[in-house]
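Chemist: We have chain X already, so just place chain C on it with the hints.
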Amino acid sequence: MAILDLLTYPDVRLKSVSTPVTSFDEKLHSFINDLEDTMRAGPGSVGIAAPQVGHFERIVIVDVSSKRKIKHHGRLILINPEIIEWDGLEIGREGCMSVPDYTANVIRAKTIKLIAFDEKGIEHQYDMEAYEARVVQHEIDHLDGLLFLDRIVSRRNDLFRRKVYK
Amino acid sequence: MNLKETKWFMVTLVGKDQIGIVAKITTILYEAGCNLGEASMLRLGGNFTIMLMVNSQASSEDLEKLLQPIADNLQLHLHIDAIDGQLHQHQVPNVRVSVHSADRAGIVAKVTTVLAEAGLNILELESDVGGNETKPFYIMQIEGIATLGLPALELALQTLFSKQPDIEVKLEPIETMVM
Chain X
1 MAILDLLTYP DVRLKSVSTP VTSFDEKLHS FINDLEDTMR AGPGSVGIAA PQVGHFERIV
61 IVDVSSKRKI KHHGRLILIN PEIIEWDGLE IGREGCMSVP DYTANVIRAK TIKLIAFDEK
121 GIEHQYDMEA YEARVVQHEI DHLDGLLFLD RIVSRRNDLF RRKVYK
Chain C
167 MNLKETKWFM VTLVGKDQIG IVAKITTILY EAGCNLGEAS MLRLGGNFTI MLMVNSQASS
227 EDLEKLLQPI ADNLQLHLHI DAIDGQLHQH QVPNVRVSVH SADRAGIVAK VTTVLAEAGL
287 NILELESDVG GNETKPFYIM QIEGIATLGL PALELALQTL FSKQPDIEVK LEPIETMVM
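Line by line, the protein sequences give chains X and C.
Position 44 of the first sequence, counted from 1, bears residue number 44 in the working numbering, the numbering being contiguous throughout.
Residues are numbered in the working numbering as their position in the second sequence, beginning at 1, plus a constant of 166.
So here's chain X without its partners, still in its complex pose:
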């Protein structure tokens, strides 16, 4: 077990584009264990991407199972993830272990269809929504060198959904 050092903004390495994983070997499994330990060590963290610890391969871990009643797939190791369909838009507030003391509203697709490999190299397809879909989009952004800072929307122009009290 090892908790890895996190890169934090404005470290320019966070802008790097990560390369696909090609061998699903013991070295990969060992790194995934350390990456997961690092995620679990972050208070309330529900996801992590390899470049956040300075490892520039397309590896993401997501686990939103600790959150309130929502649809999710539990603990997921997502390797070379690719979003193949998007639908809907939703604003939500995001924070990031790589961007301390700052949170902001970000627009993400509400539902996504995702293809990713697991740690053994087996391909899976996932239909995700809301919270889990948001985390995956945030993490895949890391693989492409993007932070949520690149996607902030103004509160002043937030969508307003009507609610009627009766």
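FYI, nobody ran anything at the bench for these hints, they're computed from the structure.
Be careful, since some hints might not be right.
Stated by the list, open to error - Derived pair list, reagent style EDC-like, types lysine to aspartate or glutamate, alpha-carbon separation capped at 16 Å:
hint, chain 1, residue 1, chain 2, residue 2
1, X, 110, X, 90
2, X, 67, C, 341
3, X, 69, C, 341
Modeler: For chain C alone, kept in the frame of chain X given last:
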């Protein structure tokens, strides 16, 4: 930056909007060796408003001497307060309240009073007046911390709404996810 013996000030500037206000003010501060912290700068009606945290080794009087000529030149009112900096201690909001209605006296007072009584600490409030002069409407977005929980706020707004059915109020939790 040498943080030794620097102090924080809140600099307030308000006046008729024109091009270049921000550039001129911040350039003078930069050239005088000041650092900037958090700021809110926006146009309200035809006015431009600046609330700007400034970190400087200068005294309040020196800062005023520095800024008064440019403020006069731009016809801005200038006000300077010594403050505690308190950066890097952001509080995270957990609730958003959105309000809109026909514009009339008392909306903000009524809504914020019931919310304050129900424990809302406002971190940010933005509002606009839209429509036209004969039919103005008021829209307001508040983000804050529900110190007594969301149900208390929900109940307060329901009670208000039962008396003021023409005010549209929406309360939604903000769940911040950390990744």
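Chemist: Confirm or reject each hint.
Modeler: Okay, the hints, checked on the actual structure:
1. The suggested pairing of residue 110 (chain X) with residue 90 (chain X) holds, with an alpha-carbon distance near 6 Å, which does not exceed 16 Å.
2. At roughly 10 Å between alpha-carbon atoms, residue 67 (chain X) and residue 341 (chain C) fall within 16 Å of each other, so this suggested pair holds.
3. Proximity of residue 69 (chain X) to residue 341 (chain C) is assessed by CA-CA distance (about 13 Å); at most 16 Å being required, the pair is judged to hold.
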